[in-house]
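Q: Residue numbers (the numbering used here), protein chains in the order written: chain A, 1 to 254; chain B, 1 to 332.
Please keep in mind that the hints were generated in silico from the structure rather than gathered at the bench. Just so it is clear, CB atoms sit at the ideal spot from N, CA and C, and this is done for glycine as well. Hints are supplied without guarantee of correctness; some may be wrong.
[What the hints assert, rightly or not] No more than 25 angstroms apart at the CA atoms, straight line, and that leaves these computed lysine-lysine pairs for BS3-like:
id : chain 1 : residue 1 : chain 2 : residue 2
1  : A       : K6        : B       : K8
2  : A       : K6        : B       : K78
3  : B       : K75       : B       : K104
[Stated by the list, open to error] Computed Cβ-Cβ distance ranges for the label pairs, DEER-style:
id : chain 1 : residue 1 : chain 2 : residue 2 : range
4  : B       : A30       : A       : R23       : 46 to 54 angstroms
5  : B       : K75       : A       : R250      : 15 to 23 angstroms
6  : B       : L181      : A       : V240      : 24 to 32 angstroms
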Amino acid sequence: MMATFKNMLAMIELELRRLGHDRTEIYSRAVQPILWIVIYGNVMSSIRAIPTSGIPYIDFITPGVIIQSTTFISIFYGLTIVWERDSGILKKLLVAPVSRYSIVVGRAMASGVRAIFQALIILPVAVIVGVRFLPNPMYLILAFVVIFFASGGFAAASILVASFMKTRERFMGIGQAITMPLFFASNALYPVQLMPPILREFSIVNPLSYVVDAVRGLLITGNFSNLLGDLIAIAVFDMVMFILASISFRRIIE
Amino acid sequence: MDFAVQAKNLVKVYNGKVKALDGVDLTVEASGTFALLGPNGAGKTTLMRILTTQLKPSTGEAYVFGLNVTRDGGKVRKLVSYVPQEMSVWTDISGYENLLIYAKIFGIPRLEREKMIDEALDIMGLNNVKGELVRTYSGGMVRRLEIACAMLVKPKIMFLDEPTIGLDPGARKIVWEKLNLFKKEYGVTIFFNTHYMDEADLYADDIAIIDQGKVVARGTSEELKHSVGGEIISFTLENFQSESWLLEEIRRLKLVRGVFMENKDLNILVDDAESSLPCITDFLKSKALSVNRISITKPTLDDVFLKYTGGRLEEKGRISDVRQVRYMIRRG
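When you get a sec, could you build the whole thing from the sequences and use the hints?
A: Here it is in structure tokens:
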């Protein structure tokens with residue numbers, strides 16, 4: 001347990017140091033979510049076509065768009081693992097005197113670092129275009145904790161998928177095929193109640209919905225009635241993904 | 001005492017089809033430098049990955065310092081370090097940062113960390129570039145950094161998979177100088193895979209030749225070469241008329257295994273040219289024969305390879321070697 005934690009810290013430090021040298025990826029990946037908020041959000045907000053129980057539409061989608069972009073980052077983080085399999089890094093890590101579980105969890109949680117940096121870039125832009133956040137720093141910090149842990153789960157999910165993909169090209173395709181449905185079949189852009197029944201069913205098992213709901217409550221609406229349930233759902237999602245990813249990890253190296 | 005490495009009838013079959021190892025038996029003594037020589041696809045990497053607990057053998061058993069690699073994987077990983085053939089450092093951070101992250105992953109206590117990193121940088125001669133991004137390093141420097149990373153755990157045995165692939169001769173030489181320095185300092189056993197004969201010849205105390213998943217020959221470089229046949233000393237003699245009584249007399253000399261004439265040159269087959277030469281020249285002098293020119297032909301490991309596998313190592317290696325080198329270049 002202690003080793004896993006230390007390994008996680010080392011991996012997080014690795015990501016911080018990488019970001020210290022080169023942040024281009026974070027900036028370029030921020031373009032898309034910023035466009036969602038600034039253009040799509042503004043346009044749809046002025047139409048008032050989607051009922052968002054009192055809050056402006058642009059405020060409604062901001063947490064959704066933030067979570068969408070941090071989730072994308074985490075899911076493509078699994079790609080790094082495939083890359084490291086092509087290079088010798090994974091092989092070397094496997095011979096290190098640490099458990100495989102701690103390698104998987106450490107790598108997955110390190111994606112949370114990138115996710116948080118991503119969110120930190122989008123937030124000020126949202127403030128500039130007039131999104132009103134709850135003025136409580138504790139809520140903001142808690143929201144970041146939620147984003148951090150949720151990213152770990154999504155990264156583990158992507159390691160799981162990566163373990164079935166032998167090439168990067170295949171993974172890129174699968175990555176797109178997973179992330180977009182997750183995004184559209186969630187409460188990121190519209191309330192779940194507006195969805196057709198089948199999608200509504202799906203959104204119950206869509207972890208993205210729980211993350212968006214928790215972060216939306218913490219940053220925008222101040223509605224914490226589902227918060228505990230959301231946190232439990234995220235914790236369960238993380239645990240399941242960590243375990244499955246650790247089990248399937250062997251495939252990556254063989 | 002336990003052997004550093006012991007493999008008993010090791011078989012590895014991938015996906016039920018490809019037989020990478022076909023009954024490998026091998027023992028490697030501790031604290032030497034051991035080379036596993038063979039063409040690409042011979043099973044070298046598979047064997048190394050089994051010994052480093054990354055893969056499980058299909059059948060058979062393997063031990064590292066007496067520990068079973070399948071059952072005691074965790075304990076084995078505390079004794080070994082491994083430098084894979086592919087690049088195994090992060091290129092977007094500095095050399096020092098790579099060592100720092102690896103030190104933390106390996107769980108080296110905070111107090112020893114800086115000292116170990118300094119020592120590793122020092123031995124591998126990377127102190128002056130430690131702050132630069134690995135992306136800017138040359139191939140040889142990347143290799144030395146990888147070895148430095150592997151040194152951090154103070155292993156009892158270090159496994160190196162094709163340690164100098166894709167490096168120019170100068171860089172290869174430096175890598176080996178540093179490796180030997182490290183070996184002297186720590187008394188570590190080195191186990192390396194290679195398909196470069198000269199590398200095995202120059203740096204290994206002990207060699208096993210592997211082909212198609214089987215160890216086909218075993219011994220020191222000298223022993224292997226002797227097993228092919230002897231060395232030939234050719235004398236070009238002044239005004240020499242071949243006379244059968246003379247050849248017969250030479251044949252009867254100690255250390256001489258055969259005599260034959262070729263293009264007016266007197267060819268003498270011996271086990272070891274350097275030690276037999278004085279005795280033979282003395283004899284020729286005693287017969288008042290003056291020597292114009294002496295040349296020695298020694299068998300190479302390629303001849304050894306030819307004898308045991310029926311093919312030339314160079315030819316077997318060539319195409320996949322080119323592919324491998326290009327791959328490494330593309331990786332940066």
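Q: Looking back at the numbered hints, which does the structure fail to meet, lowest number first?
A: 1 and 6
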